[in-house]
Amino acid sequence: MAIIHVDGKQYEVDGGDNLLHACLSLGLDIPYFCWHPELGSVGACRQCAVKAYRDANDKQGRIVMSCMTPSTDGTYISIGDEESKAFRASVVEWLMTNHPHDCPVCEEGGHCHLQDMTVMTGHATRRYRFTKRTHQNQYLGPFINHEMNRCISCYRCTRYYKDYAGGTDLGVYGTASNVYFGRETDGILESEFSGNLTEVCPTGVFTDKTHGDRYNRKWDMQFAPSICQGCAVGCNTSPGERYGEIRRIENRYNGAVNHYFLCDRGRFGYGFVNRKDRPRQPLVKRDGSFVALPPDEAVLHAANLLKSAKRVIGIGSPRASLEANFALRTLVGAENFFDGHSAAEGKLVQKAAKILSEGHVRIPSLRVIEQADAAFVLGEDVTNTAPRIALALRQTARGRQTTLARDKHIAEWQAAALADIGQHEKNPLYVASVDATRIDDIAAQTYRAAPEDIARLGFAVAHAIDATAPAVSGLDEASTALVKTIADGLLAADKPLVVSGTGTGLESVIDAAANVVRALQAKGKHVELSLVVPEVNSMGLALMQAAGLDQALEALKSGAADAVVVVENDLYRRAGKALVDAALKNAKVVVADHQMTDTAQQAEVVLSAASFAEGDGTVVNNEGRAQRYFQVYDATYYDPKVTIREAWYWLNDLRAQYSNVASEWKHFDDVSIACEQALPQLNGMVKAAPNAQFRMHGLKVAREPHRYSGRTAMRANISVHEPRASQDADTALAFSMEGHHGTEAGDRPSALIPFAWAPGWNSPQSWNKFQDEVGGHLRGGDAGVRLFEPQAHAAVKTYFDAIPAAFTAKAGEWRTVNLHHIFGGEELSARAAPVAERAPKPYVGLNPADADSLGIGANMLIDVALAGSAVRLPLRLLPTLPRGTVGLPLGVEGMAYAEAGATIKLSRVNAA
Amino acid sequence: MKDFFAKLVAIFIGIYTNLRSMVMVASHTFRKRDTIQYPEVKPYVPPRYRGRIVLTRDPDGEERCVACNLCAAACPVGCISLQKAEQDDGRWYPEFFRINFSRCIFCGLCEEACPTNAIQLTPDFELGEYRRQDLVYEKEHLLISGTGKYPDYNFYRIAGLSIAGKPKGAAKNEAKPVDVKSLLP
Ligand code: SF4
Ligand code: SF4
Ligand code: SF4
Ligand code: SF4
Ligand code: FES
Numbered sequence: 001m002a003i004i005h006v007d008g009k010q011y012e013v014d015g016g017d018n019l020l021h022a023c024l025s026l027g028l029d030i031p032y033f034c035w036h037p038e039l040g041s042v043g044a045c046r047q048c049a050v051k052a053y054r055d056a057n058d059k060q061g062r063i064v065m066s067c068m069t070p071s072t073d074g075t076y077i078s079i080g081d082e083e084s085k086a087f088r089a090s091v092v093e094w095l096m097t098n099h100p101h102d103c104p105v106c107e108e109g110g111h112c113h114l115q116d117m118t119v120m121t122g123h124a125t126r127r128y129r130f131t132k133r134t135h136q137n138q139y140l141g142p143f144i145n146h147e148m149n150r151c152i153s154c155y156r157c158t159r160y161y162k163d164y165a166g167g168t169d170l171g172v173y174g175t176a177s178n179v180y181f182g183r184e185t186d187g188i189l190e191s192e193f194s195g196n197l198t199e200v201c202p203t204g205v206f207t208d209k210t211h212g213d214r215y216n217r218k219w220d221m222q223f224a225p226s227i228c229q230g231c232a233v234g235c236n237t238s239p240g241e242r243y244g245e246i247r248r249i250e251n252r253y254n255g256a257v258n259h260y261f262l263c264d265r266g267r268f269g270y271g272f273v274n275r276k277d278r279p280r281q282p283l284v285k286r287d288g289s290f291v292a293l294p295p296d297e298a299v300l301h302a303a304n305l306l307k308s309a310k311r312v313i314g315i316g317s318p319r320a321s322l323e324a325n326f327a328l329r330t331l332v333g334a335e336n337f338f339d340g341h342s343a344a345e346g347k348l349v350q351k352a353a354k355i356l357s358e359g360h361v362r363i364p365s366l367r368v369i370e371q372a373d374a375a376f377v378l379g380e381d382v383t384n385t386a387p388r389i390a391l392a393l394r395q396t397a398r399g400r401q402t403t404l405a406r407d408k409h410i411a412e413w414q415a416a417a418l419a420d421i422g423q424h425e426k427n428p429l430y431v432a433s434v435d436a437t438r439i440d441d442i443a444a445q446t447y448r449a450a451p452e453d454i455a456r457l458g459f460a461v462a463h464a465i466d467a468t469a470p471a472v473s474g475l476d477e478a479s480t481a482l483v484k485t486i487a488d489g490l491l492a493a494d495k496p497l498v499v500s501g502t503g504t505g506l507e508s509v510i511d512a513a514a515n516v517v518r519a520l521q522a523k524g525k526h527v528e529l530s531l532v533v534p535e536v537n538s539m540g541l542a543l544m545q546a547a548g549l550d551q552a553l554e555a556l557k558s559g560a561a562d563a564v565v566v567v568e569n570d571l572y573r574r575a576g577k578a579l580v581d582a583a584l585k586n587a588k589v590v591v592a593d594h595q596m597t598d599t600a601q602q603a604e605v606v607l608s609a610a611s612f613a614e615g616d617g618t619v620v621n622n623e624g625r626a627q628r629y630f631q632v633y634d635a636t637y638y639d640p641k642v643t644i645r646e647a648w649y650w651l652n653d654l655r656a657q658y659s660n661v662a663s664e665w666k667h668f669d670d671v672s673i674a675c676e677q678a679l680p681q682l683n684g685m686v687k688a689a690p691n692a693q694f695r696m697h698g699l700k701v702a703r704e705p706h707r708y709s710g711r712t713a714m715r716a717n718i719s720v721h722e723p724r725a726s727q728d729a730d731t732a733l734a735f736s737m738e739g740h741h742g743t744e745a746g747d748r749p750s751a752l753i754p755f756a757w758a759p760g761w762n763s764p765q766s767w768n769k770f771q772d773e774v775g776g777h778l779r780g781g782d783a784g785v786r787l788f789e790p791q792a793h794a795a796v797k798t799y800f801d802a803i804p805a806a807f808t809a810k811a812g813e814w815r816t817v818n819l820h821h822i823f824g825g826e827e828l829s830a831r832a833a834p835v836a837e838r839a840p841k842p843y844v845g846l847n848p849a850d851a852d853s854l855g856i857g858a859n860m861l862i863d864v865a866l867a868g869s870a871v872r873l874p875l876r877l878l879p880t881l882p883r884g885t886v887g888l889p890l891g892v893e894g895m896a897y898a899e900a901g902a903t904i905k906l907s908r909v910n911a912a
Numbered sequence: 001m002k003d004f005f006a007k008l009v010a011i012f013i014g015i016y017t018n019l020r021s022m023v024m025v026a027s028h029t030f031r032k033r034d035t036i037q038y039p040e041v042k043p044y045v046p047p048r049y050r051g052r053i054v055l056t057r058d059p060d061g062e063e064r065c066v067a068c069n070l071c072a073a074a075c076p077v078g079c080i081s082l083q084k085a086e087q088d089d090g091r092w093y094p095e096f097f098r099i100n101f102s103r104c105i106f107c108g109l110c111e112e113a114c115p116t117n118a119i120q121l122t123p124d125f126e127l128g129e130y131r132r133q134d135l136v137y138e139k140e141h142l143l144i145s146g147t148g149k150y151p152d153y154n155f156y157r158i159a160g161l162s163i164a165g166k167p168k169g170a171a172k173n174e175a176k177p178v179d180v181k182s183l184l185p
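Chains as they are written, first to last, in the numbering used here: chain Z, 1 to 912; chain X, 1 to 185.
Take the hints with a grain of salt, since some may be wrong.
Said to hold, decoys possible - Now the stretches of chain X that chain Z is said to cover, found in silico as 3 or more residues with beta-carbon under 8 Å:
hint	region
1	19–31
2	35–48
3	51–64
4	69–79
5	99–110
6	116–126
In case anyone wonders, no lab produced these hints; they're calculated from the structure. The beta-carbon is built from N, C-alpha and C at its ideal position, and this holds for glycine as well.
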């Protein structure tokens with residue numbers, strides 16, 4: 001604690017921060033560019049100048065950069081002092097000498113930190129009469145637009161991209177006032193986290209290209225607090241809508257989860273919401289093709305269909321909300337409700353859920369992952385299965401710098417000093433994976449092997465840590481040495497972390513990870529276990545403990561069940577085509593989904609369900625955090641024909657007709673509460689966000705910024721008579737610019753902040769105004785509720801002991817392994833055009849030596865016998881793939897369903 | 001007695017003022033008229049009168065509006081709505097541009113906000129329609145072929161964004177693009 005004096009007032013601050021950080025946290029405005037709470041200070045822009053005084057009697061003072069000055073006890077500064085004000089005005093004027101006259105045609109305009117700071121410093125007129133320097137732009141891929149003229153050389157982009165995100169292909173070139181921030185040559189930015197440049201760059205140099213074609217100013221979009229649907233991390237997002245389309249995904253700050261950053265799948269993968277081929281009205285099949293029906297008729301039709309069946313089953317989905325899954329479970333009955341993962345994956349996810357929910361282990365949020373000082377990644381290719389965790393692990397490795405600096409009494413925010421002290425020192429990261437991963441560059445040790453061997457490595461590490469853990473026999477010398485290194489590394493750490501998950505498709509990998517954690521616990525270590533599960537609500541669905549999909553398909557195939565209701569799920573991604581075809585062939589199929597999937601094509605009734613953008617829902621992320629996403633816009637506002645409803649709503653109506661009961665749930669809260677009551681393991685999910693009755697000073701929270709334009713014209717082409725604004729009976733948010741906007745203390749609960757804005761702060765930097773401390777947590781606590789918390793001293797003493805046999809390659813036989821892809825590997829985002837552009841085409845991966853043995857080379861075609869069907873795919877040579885395994889890109893468009901761990905045959909296609 | 005005289009004076013004053021008014025009113029018969037026979041006779045409206053809104057073109061005949069949305073944001077009744085789109089050469093333009101004149105209060109704030117001089121209010125005030133829906137003007141109703149009140153201004157000659165025929169470095173007051181491979185300061 002320290003007392004600082006700012007403009008004659010006395011404040012109590014945490015003396016460890018720099019003055020800029022401290023003042024911003026106090027709510028005082030100092031303009032700045034190069035400082036960022038996650039990137040620290042470098043003092044490059046000179047914008048944050050304030051006057052510092054020796055003591056209370058010093059009247060003269062001197063100008064210092066507040067971001068480079070510690071807020072030590074007894075500091076006297078002035079922000080409002082005339083000299084420092086003039087200094088700051090000059091700095092911004094100099095920065096603007098070369099700035100193009102671009103605001104009207106700049107995608108940053110309206111949420112531009114440079115605009116905000118220019119207004120804050122009062123610079124309004126250009127005096128500089130000479131020429132402006134200009135730059136050529138680069139093509140940076142389908143995600144990011146580049147307009148170098150707008151650069152103010154703050155170096156935030158390269159500091160984020162290289163230092164923070166570990167990218168290698170964005171740099172700074174040139175010299176003096178000619179410096180250039182870009183790639184060596186035009187080309188796609190390689191980092192999976194490049195999208196954060198659009199928020200990190202305080203100007204319009206890097207902007208969201210996916211938004212560019214259908215661009216709107218930030219003030220013109222309707223936002224809602226939302227949850228990314230891209231993976232199980234559940235990053236918080238602010239999707240913006242205009243004219244009935246989602247236009248952009250912005251990061252929504254959550255101090256425990258994603259804080260300032262998203263991955264590119266999450267940021268740029270929203271396009272599936274806007275697809276023209278979505279079912280927007282309920283559809284009924286007549287003579288082999290779909291016709292739209294009014295909702296009541298469609299529901300009646302579906303109900304009659306189900307009534308004519310002798311047993312109706314329901315298949316849930318890991319990409320549907322808890323409420324949707326629960327409504328399905330209620331419709332068909334718990335015994336007829338099945339898990340929507342593939343059978344194999346479902347088992348793994350339930351295993352992971354069991355391990356985490358028993359309360360024996362600590363589960364880290366992303367923030368806690370960043371604070372670990374050693375990490376063991378067992379089998380999971382996090383960059384591709386839970387991308388944001390990979391970015392967090394980079395901070396785990398980088399954390400070493402902070403530790404070293406602390407020993408030398410250097411403040412954490414001294415970014416340049418930290419880098420100097422750290423050099424190449426990193427906290428140890430041990431990465432065991434099937435193929436090379438994108439975090440291998442920061443790994444102290446890597447180990448690439450078939451999943452069985454990865455599990456064995458894990459078991460062996462556990463044994464090396466605690467001898468009572470089951471031992472692994474038959475490890476080779478190199479592996480034994482590696483086991484010792486990893487065990488020693490984890491034991492030496494204060495806060496070791498184990499990351500694993502369902503990605504390898506092998507249960508014993510998860511067992512092994514749990515063993516390592518239990519062994520470390522046995523040694524009294526404060527260890528955390530993060531288990532990655534595949535999809536946004538995988539954890540939530542697993543907690544519902546439904547029987548596996550194989551049983552559902554078997555029941556349909558055998559005729560034990562003759563009708564099935566599928567919610568937001570494409571079964572062809574979950575089981576072999578032959579099996580799904582056979583299951584659906586004789587069954588009456590009702591599908592509620594927001595995409596026209598292959599399964600929906602087979603249905604007799606398709607109920608036009610809401611995506612995350614048109615409905616509310618609760619999902620549980622991989623750490624067991626229940627989070628609520630809210631409807632962003634009302635699709636009927638622009639097109640009254642559209643009948644999009646949340647799946648739970650359709651199923652509730654369907655149940656009323658089918659079971660002849662009164663419709664039980666009127667509002668979202670009703671089904672949420674019913675779900676929590678029926679499933680005690682979900683206890684707490686209702687508290688993920690305030691209910692629909694919540695009001696701020698009697699007001700709902702506005703989804704639209706107060707400058708939202710065009711209210712009396714946006715729909716005037718349909719009718720000049722404006723309808724009443726859409727009403728939202730389900731939540732405490734309003735489809736309106738009217739409502740609560742406040743940012744002062746006691747403001748909106750974090751789960752109800754649709755977008756970041758504060759007076760004078762239009763850019764994402766306005767999150768400053770919502771945080772207890774800049775870069776810390778949101779005031780009033782971060783959004784979301786943890787459904788399971790570790791119980792103190794509850795470590796289990798028992799170990800898993802199903803150690804698999806070592807993998808041995810057999811001639812002519814290949815073990816399938818999952819290869820994950822951030823772009824294209826996830827169903828929904830792959831339906832967004834920019835992501836599809838980055839997605840791989842179907843392929844099979846083989847080790848070059850194995851390819852040689854088959855007598856084939858790169859890109860040549862191979863016949864692959866998969867789940868009963870033969871497919872022909874081009875070969876990709878993967879030098880780091882273990883011999884004897886064949887890598888199949890999981891879930892990529894055009895790839896047939898393939899089970900990991902299957903033994904298949906490959907044959908070279910002979911030239912005809 | 002005093003009362004009686006006071007009353008008499010009041011009566012005379014009353015008669016006088018009535019007569020005076022009658023004379024004054026009658027005198028208008030011989031004066032120049034203030035009213036005009038609208039619509040046969042059109043009134044004079046100054047060039048800067050704030051009537052029907054138009055979208056103008058730059059001196060090269062290109063659409064001036066860059067779809068920046070500032071007019072829409074400035075509009076106090078929210079009667080402007082538009083959507084940005086981009087030409088192949090990078091030029092921004094409105095895919096649609098709609099003004100609901102049944103809401104417009106002709107305050108001129110849109111014109112004041114417009115950074116390109118595209119949107120301008122004109123002296124045409126005759127906007128009466130039988131159907132309110134007909135007061136919704138789309139871009140084809142708004143866009144004129146001329147430059148309106150500002151004959152010279154061309155935003156793209158000043159802006160840094162490059163468009164066809166104006167590469168980087170060719171705008172007003174711009175230096176040639178930097179060669180990043182050069183080490184000269
Ligand atoms: S970066 Fe900001 S200040 Fe510069 S042109 Fe864009 S909006 Fe304007
Ligand atoms: S590109 Fe943006 S982040 Fe990078 S130096 Fe320029 S202004 Fe700063
Ligand atoms: S890490 Fe997962 S949840 Fe986060 S933005 Fe990426 S896809 Fe979305
Ligand atoms: S302010 Fe001018 S340039 Fe911008 S959208 Fe309106 S008319 Fe177009
Ligand atoms: S923020 Fe302090 S010098 Fe840039």
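Are there at least three residues in the region 19–31 of chain X whose beta carbon sits under 8 Å from a beta carbon of chain Z?
-> violated (count 0)
(Q) Verify this for me: three or more residues of the region 99–110 of chain X with a beta carbon less than 8 Å from a beta carbon of chain Z. (A) holds (count 4)
**Asked** Do three or more residues of the region 35–48 of chain X come closer than 8 Å to chain Z, measuring C-beta to C-beta?
**Response** violated (count 0)
Examine the region 116–126 of chain X for residues whose CB is less than 8 Å from any CB of chain Z, and state whether their number is three or more. n = 1 at 8 Å, threshold three: violated.
**Message:** If you count the residues of the region 69–79 of chain X with a beta-carbon closer than 8 Å to a beta-carbon of chain Z, do you get 3 or more?
**Reply:** With 8 residues in contact (Cβ-Cβ under 8 Å with chain Z), the coverage given for the region 69–79 of chain X holds.
Under a C-beta cut-off of less than 8 Å, do 3 or more residues of the region 51–64 of chain X approach chain Z closely enough to confirm the stated coverage?
-> violated (count 0)
Comparing the model with each numbered hint stated earlier shows that hints 1, 2, 3 and 6 do not hold.
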